[in-house]
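> Read off the chains here:
There are 2 protein chains.
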Amino acid sequence: MKHQIKRQLVELIVDLVCAAQKDERDILSIPVGVSNRHVHLCRRDMDILFGSGYEMQVLRELTQEGYYAARETVVVAGPGGAVGGVRLLGPLRAHTQIELLLTDEKTLGVKIPLRDSGDLGLSRPVTLIGPAGTVSNDTGVMAALRHIHMNTGEAVTLGLRDGDLVCAETQGERSVVFQKIRIRVGNFRTELHLDVDEANACGLKHGDKVRIICERKD
Amino acid sequence: MKHQIKRQLVELIVDLVCAAQKDERDILSIPVGVSNRHVHLCRRDMDILFGSGYEMQVLRELTQEGYYAARETVVVAGPGGAVGGVRLLGPLRAHTQIELLLTDEKTLGVKIPLRDSGDLGLSRPVTLIGPAGTVSNDTGVMAALRHIHMNTGEAVTLGLRDGDLVCAETQGERSVVFQKIRIRVGNFRTELHLDVDEANACGLKHGDKVRIICERKD
Numbered sequence: 001m002k003h004q005i006k007r008q009l010v011e012l013i014v015d016l017v018c019a020a021q022k023d024e025r026d027i028l029s030i031p032v033g034v035s036n037r038h039v040h041l042c043r044r045d046m047d048i049l050f051g052s053g054y055e056m057q058v059l060r061e062l063t064q065e066g067y068y069a070a071r072e073t074v075v076v077a078g079p080g081g082a083v084g085g086v087r088l089l090g091p092l093r094a095h096t097q098i099e100l101l102l103t104d105e106k107t108l109g110v111k112i113p114l115r116d117s118g119d120l121g122l123s124r125p126v127t128l129i130g131p132a133g134t135v136s137n138d139t140g141v142m143a144a145l146r147h148i149h150m151n152t153g154e155a156v157t158l159g160l161r162d163g164d165l166v167c168a169e170t171q172g173e174r175s176v177v178f179q180k181i182r183i184r185v186g187n188f189r190t191e192l193h194l195d196v197d198e199a200n201a202c203g204l205k206h207g208d209k210v211r212i213i214c215e216r217k218d
Numbered sequence: 001m002k003h004q005i006k007r008q009l010v011e012l013i014v015d016l017v018c019a020a021q022k023d024e025r026d027i028l029s030i031p032v033g034v035s036n037r038h039v040h041l042c043r044r045d046m047d048i049l050f051g052s053g054y055e056m057q058v059l060r061e062l063t064q065e066g067y068y069a070a071r072e073t074v075v076v077a078g079p080g081g082a083v084g085g086v087r088l089l090g091p092l093r094a095h096t097q098i099e100l101l102l103t104d105e106k107t108l109g110v111k112i113p114l115r116d117s118g119d120l121g122l123s124r125p126v127t128l129i130g131p132a133g134t135v136s137n138d139t140g141v142m143a144a145l146r147h148i149h150m151n152t153g154e155a156v157t158l159g160l161r162d163g164d165l166v167c168a169e170t171q172g173e174r175s176v177v178f179q180k181i182r183i184r185v186g187n188f189r190t191e192l193h194l195d196v197d198e199a200n201a202c203g204l205k206h207g208d209k210v211r212i213i214c215e216r217k218d
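Chains A and B are the protein sequences, given in the same order.
The first sequence lines up with residues 1 to 218 when you count with our numbering.
The second sequence lines up with residues 1 to 218 when you count with our numbering.
Some hints here could point you the wrong way.
A pair counts as met if it fits within one copy or between any two copies, since identical chains are not told apart.
Straight-line C-alpha distance at most 25 angstroms; calculated BS3-like pairs for lysine-lysine [claimed, not checked]:
id, residue 1, residue 2
1, Lys-111, Lys-209
2, Lys-209, Lys-180
3, Lys-205, Lys-180
4, Lys-180, Lys-111
Read the hints as simulated data drawn from the structure, not as lab findings.
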């Protein structure tokens, strides 16, 4: 009898701890923005590819205020082949950044490094082809690491700081938990940014919701 | 003082429960087989695509005994476009099965259903094009749900049964936990089967290891 009570007590404690962990880990549900391969150009490269002083036309506004998908696209080429119709995003940046998919490694015949957006490390060069010219680029070529743009107010409420890492769980038959997602705090609409490979791997579409489930400190 | 001891006791219990959960969840490490888009043909479709009585040539043996990648490839076409170089896998099957990537939805212009391999449900038709002819197929078109081929002996040791669902954790900067992975028990070499989209989403290559971390009953 004593043994049975002890066992029941242990089971009760386990249930309580599990429930407490669950509460702690269940922070919030946020929408997903799915990025296809795209290019941010600097003024110099824009002039070479589209002509001196060329201005992009807005195709549609993006979720983050002030950013847009342009009507203009370029071809991205490597030693193994090319991918066409790669959309430009505006506005112009100080440095050109070419965000590709790991799926493109085989087509282009280049190793695409995983990097944080803005990290302009060296890579094997790829060539951008526009209607007015061609430019070869060996910095800013990447598959971007996933990240969450988080509104400053929400970050304060949730006790999250710029640079923190969290996990996010998706739903459905192909559900996954994405780990090591970097939080970027600023004047943003809160949104998880994934690329097309990541979205396809779990059957997510642009605008679907994911659940932020735990904070990671590593 | 009493309060402090109580708090320490609670912390100790939490630590013990967490450690116990961790032990329980850490089952084993297994290799990954990454599948690109591929086609299993039936005799009838082989005859139409490659000529009556045609026999596939072996390009390389696959991990699972008796299975091979053939030298022959076909074009898979839909209303939006086509994907070439889609490899045949041997041996022949009773029914043709066309395993594509969700990445191909945009290229082909068809919705690709997520299905368990062998589930020959209806879908929008795709066309297979071979050197001798063309065949249209509206069954067996799928993006295959991930699964683990598990050796019968290992399954018994681990207390896993055919049809059980488990999770698997990957390592690296893009690490994920794949959930709802179906266990298939048989005369197999134990291996997690993912497709190229899933592998790219977490930066995995063929032969990398993943950690099976928990059993799911849902």
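> Compare the structure with each hint and give your call.
Consistency of the hints with the structure:
Taking the shortest alpha-carbon separations for Lys-111 and Lys-209, only the inter-copy value of 21 angstroms comes in at or below 25 angstroms, while the best intra-copy value is 31 angstroms. Taking the shortest alpha-carbon separations for Lys-209 and Lys-180, both the intra-copy value of 18 angstroms and the inter-copy value of 19 angstroms come in at or below 25 angstroms. When the C-alpha separation of Lys-205 and Lys-180 is checked against a cutoff of 25 angstroms, the pair qualifies both within a copy, at 21 angstroms, and between copies, at 19 angstroms. Taking the closest pair of Cα atoms, Lys-180 and Lys-111 come within 25 angstroms of each other only inside a single copy of the chain (22 angstroms); across copies the shortest separation is 31 angstroms, beyond that limit.
Hint check: no violations occur; every hint is consistent with the structure.
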